[in-house]
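Colleague: The lines below spell out each chain.
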Amino acid sequence: MANTFELIASTTVGSGGASDITFSSIPSTYTDLLVDISVRTSQANTSRTLYLRVNGSSTSWTQRSVYGTGSAAGSDSTTGYGSTFLYCGECNGSTSTAGTFTNTQVYATNYAGSTNKSFSVDSAQENNATGAFLTMMAGLWSNTSAITSILIAPDAGSFVQYSTAYLYGVKNA
Amino acid sequence: MPNPTRIEINCETGVESIIELTDAEVAELAYQAELAAEKKAEEDAHAEAAATAKAALLEKLGITADEAKLLLA
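Chains as they are written, first to last, in our numbering: chain A, 2 to 174; chain B, 5 to 77.
Don't read these hints as lab results, they were simulated from the structure.
Possibly wrong hints are sitting among the right ones.
Only some residues are given here: those of chain A computed to face chain B with a beta carbon under 7 Å [as the list claims (entries may be wrong)]:
| # | residue |
| --- | --- |
| 1 | L8 |
| 2 | S16 |
| 3 | D21 |
| 4 | S25 |
| 5 | A147 |
Facing chain A, according to a computed beta carbon distance under 7 Å, are these residues of chain B, among others [said to hold, decoys possible]:
| # | residue |
| --- | --- |
| 6 | E12 |
| 7 | C15 |
| 8 | E16 |
| 9 | V19 |
| 10 | L33 |
| 11 | A34 |
| 12 | A37 |
| 13 | K44 |
| 14 | E71 |
| 15 | A72 |
Even for Gly, the Cβ is constructed at its ideal location relative to N, Cα and C.
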């Protein structure tokens, strides 16, 4: 059970927006990592895919989700999401309720070890309308390298001002 | 006009860099936005067609949507 969370780094997107956010040179001194994300994209949709890559890798991702859309529930897997990134749920687009953001947490266990890397994701899209996604995801990066960088991005558009990302190191997990 | 930017935070130094995208990266972003717009148009067309078909069926059956829900409950 995690008993120590330490903030490693954080950022808030400025008025110019940002196409992606990358945490680089992540120290290997923790047991696990937690990324806490609150974002909205400029793309003119109600929602867009939010994704994550580690060490710049666009291969060897497998995943399984359960989700709710606000009116229906479902599940999906690597077949639907592909194997080029870790799907992190749906992120508010510019046509969703103004001023609302998607809140997502990504937990990476044993990130500095020499085994394949496991992830869990929970994501909730704020939207004052019928459609709003909730997603729970389990993912695997089949690579034994230590994680040294994490990239977060929407699949279209840019993160808007006031989007935030916090990276925490977890000890004694 | 400057290109859009991305954010990189070096966790060792704590330095945050705002990096202007290259022209190739901007072109890729534009391409992805185009794909997203096409996908949305397809989804909208599909939803509209489904709604039209549903309305036509209800009219043919002579019942309302609420009455249809009662039948399926």
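Colleague: With reference to the structure, classify each hint as holding or not holding.
Modeller: So, going through the hints one by one against the coordinates:
1. L8: Check failed: Cβ of L8/A comes no nearer than 10 Å to chain B, outside 7 Å.
2. S16: With a closest approach of 11 Å, the S16/A hint is violated.
3. D21: 5 Å, holds
4. S25: 5 Å, holds
5. A147: 13 Å, violated
6. E12: Holds. Min distance 4 Å.
7. C15: Holds. Min distance 5 Å.
8. E16: 4 Å, holds
9. V19: 10 Å, violated
10. L33: 6 Å, holds
11. A34: Where the cut-off is 7 Å and the nearest Cβ of chain A is about 10 Å from A34/B, the hint is violated.
12. A37: 5 Å, holds
13. K44: 5 Å, holds
14. E71: 20 Å, violated
15. A72: 16 Å, violated
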